[in-house]
Structures are given as C-alpha cells and as structure tokens.
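Trainee: For reference, the chains in residue letters:
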Amino acid sequence: MNALSFIPLLLALILSPLLFGVINRTKALFAGRRGQPLLQTYYDLWKLLRKGAVYSRTTTWIFRAGPMVGLAAAWVAATLVPLGNFPALIAFPADFLLFAGLLGLMRFFTVVAALDTGSSFEGMGASREVFFSALTEPALFVVLATLVSGADWLHGGPVLALVIIALMIVLLAENARIPVDDPNTHLELTMIHEVMVLDHSGPDFAFILYAAALKLWMLGALVLSMVLPSSGGNPWLSLALVSGGMFGLAVVIGVIESVMARLRLLVVPQLLIGAGAVATVALILTLR
Amino acid sequence: MMTDLILVLVVLTNLKLLGSSRLGASIRVVAAQGVMLGLLPVLAHVHELSLHFAALAVGTVALKGVVFPWLLFRALREAEVTREVEPYVAYITSILIGLAALAASFWLGGRLPVSTVEPSSLLVPSALFSILAGLFLIVARKRAVNQVLGFLVLENGIYTFGVGIVAETPFLVELGVLLDAFVAVFVMGIAVYHINREFDHIEVDRLDRLKG
Amino acid sequence: MKHEALLWLLILVPAATGALALLLRSVRTILGAMCAGVGISVALGWYVAGKVLMSGPVSAGAEWLYLDALSAYNLGVMLLIYGLSSAYASVYFRVELREGHLTLKQARLFASLWCGALAAMTLVFISNNLGIMWVGIEATTLLTGFLICVHVTGESLEAMWKYILICSVGVAFAFMGTLLVGASAHGLGLRAPEVLLWTRLQAHAGSLNPACLKAAFIFLLVGYGTKAGLAPMHNWLPDAHSQAPAPVSAIFSGFMLNTALYCVMRYVPIVEAGTGNTGWGLRLLTGFGLISILVAAAFILFQHDLKRLLAYHSVEHIGIITLGVGLGGLGTFAALFHTLNHSLCKTLAFFAAGRLGQMFGTHDMRKLAGVMRVAPVWGMGLFGSLLALIGVAPFALFMSELQMLKAAVDKGAILALVLFLFGAGVVFVGALGHAIPLAWGKAASTVQPARAGTLETLLVVVPLVFLLVLGLWMPGPLQTALNAAADVIRHVSPALAGSPGGIMP
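Residue numbers (the numbering used here), protein chains in the order written: chain A, 1 to 288; chain B, 1 to 212; chain C, 1 to 505.
One chain only, chain A, in its complex shape (with noise of 0.2 Å):
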C-alpha cells in the first residue's frame, strides 16, 4: 500500500461530483443553452447538507439508513477500484465480486428504503430497478469473468470492442442515464431511479446524490481501463491521461444522452440482454 494507491480513492472523492457537471453541460451545449455551472453538484452538495431533512412518519430506521449505508458501500467499492497505472488501495484476488456485491449492496439498500415509505411511487421504480438490475447483473459478471480469464485481448480486437460496449451499456442502465432512464424526468409514468430517492430530504439526499456520483465515476473507471493503454512509469502524465479520460467519458456519455431518447419501458430488457448476449460472446471468444 504505497501512497501512490491513494490517488484513486482521493480523485474518486473529490473529483465525481464534477462528472455530473460535464455531462450536462455537454447536454446544455447539445440544446444551445448555456448550461449549469460545472461546479453545480458540489454547490448541490453543500446546500443540501446544510437542511434539514423531513421523515414520514411511516418510515422506519430502513429510511434513514439507506442513504447512509448507500454512501458507505460506494465509499467502500472505490477504494477497490485502480485507476490507469495506480494501483487501488485495496487489492486481493477475486476483489471484483465484493466490488459488485458492493454495488448490489447500495442498490438493496436505496430500493428498500424506497418500499419503507409505503408510497406506491417508490414501489413502481423499486420494482422496475429490481427487474433491469436482475438483467444488468449477469452482463457485468460476464464482463468482470471476461475481464479476468484472460488480458491478451485488451491490445486490441474484436474482443475488446464487444466488452466496451456491453461495459457502456452497463454503465447506463446501473447509473439511469438514458437510455435507460431519463435522470431529469420527474414525471410518474418514466422515472425508475429518481421515485426512489424521491422522498429523502436534506443530508440524505446529498448522500444519494454524492453517492450517485461515485458509482459513476467507479463504473467509468472501469470502462477506461480497457481503453487508455497503460502509460509509462510517470505518476503525473498517468494522472493527466486518467483525467481527462474520465471526462473525456462524462462527455461520450452527454452526447449519448443529447442524440437519443429515452427506450420504451418494454424495450430495455431487450436492449439489457443484448448486452449480456455481447458479453457471453466475448467470454466465448476469449475462452477458446
């Protein structure tokens, strides 16, 4: 544990809430508009800690621990992320399935809370997130077994591309960016991910929100160390290249979000299972 593995936990910490930022000012620059400033989701932050937060009185401890035991697994599962050349500040063999039990973890936790409120709002997008999760979950399996049974494929290939792609998928449905789900919308009939969180208030929210945002920042991670080649022995190029890497992703996944709509609610398991399908086809491939 050298302090060079720090740098990933830290640049998770400090540096995802600005993803969000990136990515709508790239949907702003789509819509010809000016857009939010960069730095909103930290101003977010900041206001939202500052409140107070409202309870239902039908809510039990499930509703307050969700946010909190959503951040702490976040937390968690980015220390055992690496990052380009820095290694991560947890490491031992088969980490990746506590990283994605990790995830598991967050979302159990975010989708029970939003059944403890007893609103059939939550439960409709508890639901609806359980069912896609169920199907997103064997495609980023594949991907991690791929990723594992074998690294000659990622210098290039077929290969490579086909878990890019099932990986970006992945990306989208777990984080609800179109086109899966549309993270503006408040409208009853579309949101999944955003009823969820539609009762927290206050510090809980922001736990959400900053929780969010490294979830984000940890799946794009993963995503780019399969495409940025691993650099040479120099921390700060690395740290460079990782960097705008990352944004370079936050703004890939902006103009996803400009150029397409939103899928019919039928469509995405189709769209989910073409991503597992790709996956098992580069598992395939790589295990022959």
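It is possible that part of the hints are untrue.
Claimed, not checked - Taking lysine to any residue pairs in the SDA-like style, the calculated list, with each CA pair at most 20 Å apart, reads:
1. K211/B to V152/C
2. K211/B to E155/C
3. K16/B to I164/A
4. K142/B to G154/C
5. K211/B to L301/C
6. K16/B to V267/A
7. K211/B to V295/C
8. K214/C to G110/B
9. K211/B to H434/C
10. K142/B to E155/C
11. K16/B to I165/A
12. K211/B to T153/C
13. K16/B to L263/A
14. K105/C to Y193/B
15. K214/C to G279/C
16. K211/B to L294/C
17. K16/B to A161/A
18. K105/C to R197/B
Calculated from the structure, these hints are not laboratory results.
Given chain A's structure and the hints, the job is docking chains B and C onto it.
Mentor: Just chains B and C, lined up with the frame of chain A:
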C-alpha cells in the same frame, strides 16, 4: 485480423436475427451478413488476388446485398406484413438458445477433424453457428419470409465453412452455387406471393391441411 | 469426338425444348414439342448409355462430364421413365384440356419446367464434378417445385412450400458434405479444379482423411436422403406426391428420388475405401433403409388418399434400395435391379391413379372404388401395379427383394432380415386391404367411364408385361449392365466381379 472482425460481426448479426421481430430489419441484417461474407475470401487472399476471386466477390456482394433484399422486400410488400407474429420460441429465449448454440459451435469446431486453411480459428465455429442459427429460424418462426431468411443464413454458414476448409472451390462450382441460391430465393419469393394470394396470410404454421 | 458431343447434347436438347415451350401458342403444340424433345433425348441417351455399358466409361469437357456404368444405367432408366411419363402427360393433359382445366400459361409453365427438370437430372448423372452434381440436384428441387402447383390450390401451395424448404435445407446439408469431402482431399496435392472430381477422388480414395470422410458421409446421407425420401426426413414426400398432377408424381417417385439416392451411391465407394473398408458407411445405409421401411409400413396402414398411399410406398421402396446398397455384394446388384423395377411399377401406378382420379373426380379411396368395373384397362393397371409394389410373385419386384433377402442371409444380417420381412409383411397386408376395395368395391353411380385409347392401353400393358417378364427371366445384357453398375459401387475391378445376379437356382 480483418477476418476475425468480420466473423465476430457475423456472429453478432446472427444473434440480432434471433432476437428481432421486425422483418425489414432482419432482411437488411441478412443482406449485410451476405456482403461481409462475400468480401471474406477477398480479404483473406488479398495478396493473391486473381480475376475470378474478384469477380466472385463482386457477384456475391451484388446478389446478396442488392438482389435478395429487393426480392424479399417485394414479397413483404405484397403480403403487407412488417412484423413477425408470436413465434414458437420467444425472442429472449431465442437469444439465450443462440448463445448456447454459439458455445456449442465453438466446442464442436474444435473437435471437427478439418484443418482450417484460413488463418483464422474463428471460421469453423462461426460457420457452424450460422448454420445452427439458420436452422433455428426456419423451425421457430411462423412467417414464411422469416423461413427464407433462415435458409439464407444457413447458406451463408455453409459458404463460410467452404471458404475455410476447401482451399479453392472451383470457380464454376461457386458460380453454380450462387445461381442456385438466387433461383431458390426467387422461387421462394414467388411461392410467398402465391401463398399470400391464396390464403391471405403468410404464416406457415397455419398451412396444415395436409396431415398423416 | 462423337461421344463428347452427345454428352453435351443430352443437356442442351431438353433445355432448348424447355425454352421453346415458353414461346409456343397452343397447348397441343406445347405438349407435342415436349414429347418430341423428350423423345430425342431418350434416343440420344439410350445410345450413349448403351455404348458405355458395352465398351466402358466416356468422358468429356476435361473430365467434368463423365458417364460410367452406374450413371449410364441410371440414365437409361430415367429416360425410360421420362419417355413414358411424357407420353402419359400428353394423354392426361388432353383430358384436362377437354374439360377446360388447363390454361395456356399453365401448359407453358409445365412444359418448360418438365424439360428443365430433365436437363437438370441429366446433369446430375453425367457430371463428374461432385459440386456440379450438387448444383444439378438443387436445380431439380427448384424446377420441380412449381411443377407441384401447376394448379394453384391451398393444399398444393402448402405441399410446394414444405417441399422447397425441406429439400433446400437438406440439399444445403449435402453441400456441407461435399465440402467436407473436398477437405478430406486436402494435402493430396490435387489442383484446385480437380478436388471435387469423382474419378480423382476414387483413384486416391485410400489416402483420404477418414475422420473427415465420416463426417462428410453423415451430412451427405442426411442431405441427399432428405431429397430421396428416407425416413425420418421424408415429411415432404406424401404432400408433394399427392398434390402434384399425376405425371409429375410419376417423375418424382419414378426418378427424382432415385437421382438423389444415386448421389449417395456415388460417394459409397469413396467412403468405403477411405474408411478402410470396415463397412461403416454401409451400416448407416442399412439403418436408414430399415427405418424408412418400417415408418412407411406404419403409415400405409391408415391412408385414405390413393396418391399418398403410393407416396408412402415410394418411401418404403427407397428404403429397400438403400438397404440393398447397405448390404453389399448381391444386395447392391439387387438394389440396382430394384431401381428399375420400382420406377416402372410406381410410374404405372401413378399413371393409373391420375387417370382414375380424373374419371372419379377424387383420389379419396373411400370414394374411389370398383375401378375394375368402371375402367377395366386402368383398373387392371392400378391393381396390377399395387400387387407388384407389395412384392407379389412373379413380378420383378418380388425377384429383386428375394435377391436382397439372400444377400442379407449371406452377410448374416439377421436383424435386418427380420425387420425387412416384418415391414414388407405389414405393407402387404395394409396395401392389399386398400387395393381390393379399390378394384372390386361398389362403384359410385356418378362416375362416367371413359374408354381407354390405344396409347393408354399400351401405357398400361407394356410396363406390366415388362415387370412380369423380368420377374421370370433376367436378360443377359441387363445382367451384365447391372453387374457393371454394381461393381462401381462395390469398388471392385471387373476381373474380380462379385456374386452373380440372376434367377435363383
């Protein structure tokens, strides 16, 4: 490397066919697959390009990329259908079966006693996968046009197999095979037209008057 | 040289006739031209075949065209069937024309496809290149597809669609097999255009890759077997045969099934030599043959439609021929003899079924009864051919089946023997149960009998007499021809000729 890319794309197109219900999209996907496979031998033997290779490639691309889709779209227009009806096997199950078939093709491809002439070890498995996918489409879909597409995918798979294991199939034989494929699709198109006129639908599972 | 030109003519004459038929103006001229074209082809073909059977193989076109004893024999039988069927077609369609069921367009379609199919089948027989042989088979599938629905009805369309799809898929598998055979010759140093030439492969058969050949033979058997009507790939057969007009059914059963089986027979010596003469391929053939016999026997029991009944008989007899080839030795001889017998007999049966169907207006056996009273000539044709089909002595089919039984005993294949006898027995009982009411049942009063003309009488009497004579006496030339053809399959040089065929002592 290019051949690897083409073969992976072929595998993906097969999976897309298994999961697609829109007949127009399916026809285009099969056309794309045919074009890619037509270019395969040219790309593989790019250093020993001869006239008949090039002519064959041009012929295949023209036939599979232009003529077949045109014939099939005409049949679709006559029958006035755009989508597949509830198939025997649902789309998501089809994709899962397709993935299992892909794994089986890779396993079988390793065990088949053919020494591949091609520098790509993906060739025999992807050919086998195309054959299995084509057979699956013929069996599990109800619209006649889908069955014709399944037949075309089957032919594509066998053609891929041929490119790999026989160094050079004689030119005339290739020509004959191409001609047969063309006449087959032409005949099937006319058949679909007649079926639609007689029955007012092109669902093959409803053709069941002859039994025993 | 003369023979080479003749080989090319054998394909060109029917093709040209077919093209010509599209331009003629009246149904009668079309039928006449068709018969003339077929007649010329028959004459040419018999001449060449006779030459080959007497003096040895003939080749042309840089060895891409090749006629040896096996293909010459089959070519001769096919041309016989085609000739008879063309004569019958003119009779059959003249009746339809009289009743106003045949339009000019349908006649043109029929004639051109008929001649085209003849050209394609000839191509199969005279081509040495296994790939071109495959092209010919696929061409016959596509050309005969529309022959099934000359009269477009719901059922004929359904039959045609099933036929085209199932047979195309089957033939595609056969192409896989062809490719694998080509791949098994990899490393022999054959130049590219020669890889698929049968003569070359035959010459090098011992050094082909056996595992490849085995995989290839499985694909070939399943693929060409679909086209030949071997169970369990025979599903298209009853529909196609029952819905097609009678001349077309005669061609299907009479020769197209045998053409596909011929393709399998072409590969047998190569596979046998390549797999070290262990009889692996022959066992597969025996298995498929027995399954076909048993499946056909089961279905014959409960048929209502006359032509479907005949179609299942075809499945059974194709099974018998396959079984014969699988038994080897005398069985091969008997199988080839059976080809001739079955083709003649089945053709006659379909002729009769067609004319009787026209008279009665239906092929349903519950309504088609008492044919001996209504139409004595055709009734005798139908009943006689049904009797011959189920193997009643002294028709020739009985003789060839008996030879096959002897071959089975010689080889010690007792299980095959028992199953064959069981299947044949079931068929005997079932078919006779259908045949007797057909011949002597109570005729419906709505039927108007038609007097049979000279041509029709000839069409009935000649095959029946042939079958009767062949059952009692095997002419010398025929025996030599059969032996020569069988030797090609048995891959035996003429000096060490196999067991003699002929009448049982």
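Trainee: Against this structure, judge whether each hint is valid.
Mentor: Hints and how they fare:
Distance restraint check for K211/B and V152/C: the Cα-Cα separation of roughly 19 Å lies within the 20 Å cut-off, and the hinted pair is therefore satisfied. For the given pair, K211/B sits about 10 Å from E155/C by alpha-carbon distance, which is consistent with the 20 Å threshold. Taking the CA atoms of K16/B and I164/A, the gap is near 18 Å; set against the 20 Å cutoff, the hint holds. Our distance criterion of 20 Å between C-alpha atoms is met by K142/B and G154/C, whose separation comes to about 17 Å.
Annotation: proposed proximity of K211/B to L301/C holds, straight-line Cα distance about 14 Å (limit 20 Å). For a cut-off of 20 Å, the pair hint linking K16/B to V267/A stands: about 14 Å separates their Cα positions. Simply put, K211/B and V295/C have alpha-carbon atoms about 15 Å apart, close enough for the 20 Å limit, and the pair holds. Distance restraint check for K214/C and G110/B: the Cα-Cα separation of roughly 17 Å lies within the 20 Å cut-off, and the hinted pair is therefore satisfied.
A hinted pair counts as satisfied when its Cα atoms are at most 20 Å apart, and K211/B with H434/C qualifies at roughly 19 Å. This hinted pair checks out: K142/B and E155/C have alpha carbons roughly 18 Å apart, not beyond 20 Å. Between the alpha carbons of K16/B and I165/A the distance comes to roughly 15 Å, so the proposed pair stays at or under 20 Å and holds. Straight-line distance between C-alpha atoms of K211/B and T153/C comes to about 16 Å, which keeps the hinted pair within the 20 Å bound.
Proposed proximity of K16/B and L263/A is supported: the alpha carbons are some 18 Å apart, at most 20 Å. With a C-alpha separation of about 17 Å, the suggested pair K105/C and Y193/B falls inside the 20 Å cut-off, and the hint holds. The hinted pair formed by K214/C and G279/C meets the criterion: a straight-line CA distance of about 11 Å does not exceed 20 Å. A threshold of 20 Å between alpha carbons decides the hint, and for K211/B with L294/C the separation of about 19 Å falls inside it, so the pair holds.
Of the supplied pair hints, the one linking K16/B and A161/A holds, its CA atoms being roughly 17 Å apart against a limit of 20 Å. Taking the CA atoms of K105/C and R197/B, the gap is about 18 Å. The hint holds against a cut of 20 Å.
In summary, this structure violates none of the numbered hints.
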